[in-house]
Amino acid sequence: MARRKRRRGKAKRSSRAPLRVLVAKGNDAWQRGRMEDALRMWNQAMAKRPSPQLAAALSEVHFRRGVRALVRAQDCDSVLKSLADLERVRTLAPDDWRPLYYMGVAHHLLGDLEQAQVLYRQVLDRNPNSRRTAYRIALAALERRHDPAQSQGWALLDERQQADLLAGWRLLTKKGRQAFSRADGAPAVDGGHPLWVGLAVLDGRRPDKKRAKEALERAMGRENEDAPRFRLAQAYMGALLWPDDPSAAARHWDRAARKGVPSWMSQNHAVGAELLARCALESGDADTAYSYARIALDYDPDRPVYREVMGYVKFHLGNCAARQDRWDEAVEQWTQAYQLGCKELGLVHNLALGHERLERWTEAVSAWREFLRRRPRRADAPGALSPQQEIQARRHIASLYWRVGREKEAVRFYRQVLSSQPEDESNAGLRVELADLLASHDRWRKAEQTLHEGLKHHPNHPQLLQALGLLYEEQHRGTQAQEVWEQLLEVAPDHPIARDNMADHLARRAWSLEEGGKFDQARVHYERAIEYAPQNVGLKLDLADLYYQYDKRDEAIHLVEEAMARSPNDPSVLDAVVRFWISHDEIQQADGLLQEAEGSSEGRAGLCATVGMAYCLAGQEEKGEALILQAVRIGTVPHLTAIKVAVTLLRQEMYALAVTLLEQCLYEFPGEPVASIALTTAYVLQGKRGRARQVMKEARYIARQMSDRESASMLEDMEDVIKSAPASALALLELIGQADET
Amino acid sequence: MKPETSSFDQDENPYQVMGIPFTATEEEIRRTYFGLVREHPPERDPAQFRRVRSAYEILRDPVRRAEWDLFVALQPPPSLPSRRRPKPDLAFHREDVIWVLREETRPKPRDPKGDFRAIELPRP
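Line by line, the protein sequences are chains A and B. In this text, residue positions in the first sequence follow the numbering used here: the first is -2, and each later residue adds one. In this text, residue positions in the second sequence follow the numbering used here: the first is 623, and each later residue adds one.
There may be inaccurate statements among the hints.
Pair by pair, the computed Cβ-Cβ distance ranges are [to be verified]: (1) R400(A) to E648(B): 28 to 36 angstroms; (2) F644(B) to K340(A): 18 to 26 angstroms; (3) R215(A) to Q638(B): 48 to 56 angstroms; (4) R370(A) to Q638(B): 24 to 32 angstroms; (5) D109(A) to K730(B): 17 to 25 angstroms; (6) E661(B) to R440(A): 28 to 36 angstroms.
Treat the hints as calculated values from the structure; they're not laboratory data. Positions of the beta carbon are idealized from the N, C-alpha and C atoms, including for glycine.
Hey, can you work out the whole structure from these sequences and the hints?
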């Protein structure tokens, strides 16, 4: 809109401009080749003050524009535009005869031969020597099936022109060879240009193909490849070759059509292009095949044969793109091939792979389903799927459905496979997958049922038993799970999952027996559990614990040493054993173990702190302090251990040591809320309220930065508690520590 | 029909490596493998032996072979079915004579230049 306004404003300004400016501007535009602007300026000048020179200038611009449009015209609209310009010339300069010839040509092109002839004659009346006008008058006469020799200006034409026009007239009005027959009726070979001879012998019911071929070859030899006669001869040569050598014919048509041939020839071009596309495909040249298939399809986009060829070409192009890892393009080509009607199973298969590659799961699953639906059913048919492949495909479809969140369809596909081959042992994995899928959607009974169905056919299948055992474990159905594990261990005594789970069950039973004070039974259960899981240090320590409770210290030590001997360099074992000794107030044992393992354990800082804390609690503060300081020196004490030890130290009024430990902890984990609360409490207990405030401020700031609202609110609540009653804060910290431990 | 390997596959096309068709039977695979091993013994041609061996590993195992065919191999387009094609127009068209004569006398872009005149503008 703004641009239109600007243009209108500009037009208004220029219409107000003085005459000389308009003329000069028009001239400037003319010199720069901007005919539209020149016409606009000079028309305005003409409106201000008409003059013969301006009228002549305007008519010249219209003339040039009209003629240029005419010589470039490819359709009727362009010819009509050209005609409008030429008629404007006639209005501006009625005495100018130049447009008459081109107006004649325009009418000639539009098929108005009568009007064309009238205009040509007017030219000849003004310019009696115009040979081109005389030729066009004769041509128009010929087209109207009149004898061109009778047309005005015939004498102006040279011999060749006359011969051509006469040959054309004969061909148009007489039939076949008669056109060039001699007076005696014998077939003639003389017709001027060999093209006319070739065409003449082609006409009639029984064309003389041999003579036509010779004549057309001569015609092609005489002309250059761009000449219309060459192209027409080539097109007819194709027609002659087609029955015996269609490929050669198609090549002739293609070359001729690329330079321009009569419109009816487009059909042959398309037919030949389809053939050439097939040949190119067979030789593996998909790009060339595409260019030919395009010609055929452009000619008739709805013809099934052309669509089919293009479909196959796109199938090839898709494969080429996929091989070069251009999957977007590959899928695009395959999709177009499919839309063109190519429904080859291989194409659907590739589409499925392509969609998966692009992670278009929904499209992939549709393609896989179609692939499966249309697979050949007979086992010996080409492209038939093996039973193995069919199962894999269905399983794959199921997993894709699962991925896109369509569980019902996923379950249906699993069931399809299972129901088709319920007794097939190799389907056990599939049953397990289905059971997993059902269980993940809380359909426990269905999951259990699926596994039981499998066990009905294969009662001792390890994979099915394992899945059933785990399913029971997830539902906390311990007794049934234990039964399954026992069954599985009978079939596969070394099954690691079954052994671990059996050990777990026995241990749990042992704990409850231990709680009920049934020492002997508990011991038996622990021992059986250890048999199943000899690597489980926890079980051994549990049994050792039991021995302790019943004053069997030697047996306990023996078990602990056995555990240590089994994994001497395992830090988690060392940790468990040290904690075991501390829990039984055997600090010397724990310390000894720690010193022995010096340098070999990664988590030694934490252990040192824990043993140090045990010394402190046992009243041996000096030893305890030394160990805790050693812990801070050798590494970072895990923050939960640090907090727990620090709280114990605060209880023991060993404030400075607690502060050291907590400062290290906060250095590693800035703003950690529980450590911050503990350190604040320590400072308050030391009377360093300024520092306490600073720690809380920092912790709150970090919590806000991290958008950790829970920590921020806990810090705010605790600040008041610490200020008013630090002992209560300590109690709360102990509770937090215990909660964290569990 | 021989499947092509898509580039996302880490391995080479085992059928191509062994030079056997997609439809080869287990016996054919085995026979070809032993022939190739004789041709490329590991002590003389270890790289080629490894290729052949890994191709054989895939094809000898029905499950792996089925998986490869189904989830890795691109299916090549089959040969185009031969259908009844549209027939070309092989008749003689008399009007082509007019087409030739018209085409030959159609004004070319350079032709009209002789008809153009210079423009003389009114003097201010």
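Evaluation of the provided hints:
1. Between R400(A) and E648(B), the C-beta spacing of about 34 angstroms keeps the proposed range 28 to 36 angstroms intact.
2. Between F644(B) and K340(A) the beta carbons are some 21 angstroms apart, a value that agrees with the proposed interval 18 to 26 angstroms.
3. Here the CB-CB span from R215(A) to Q638(B) is close to 52 angstroms, well matched to the stated 48 to 56 angstroms.
4. Take R370(A) and Q638(B): their Cβ atoms lie about 30 angstroms apart, and the range 24 to 32 angstroms holds.
5. At about 22 angstroms, the CB distance of D109(A) to K730(B) agrees with the hint of 17 to 25 angstroms.
6. At roughly 56 angstroms, the beta-carbon separation of E661(B) and R440(A) lies outside the given 28 to 36 angstroms, and the hint is violated.
Violated hints amount to a single one, hint 6; each of the other numbered hints is respected by the structure.
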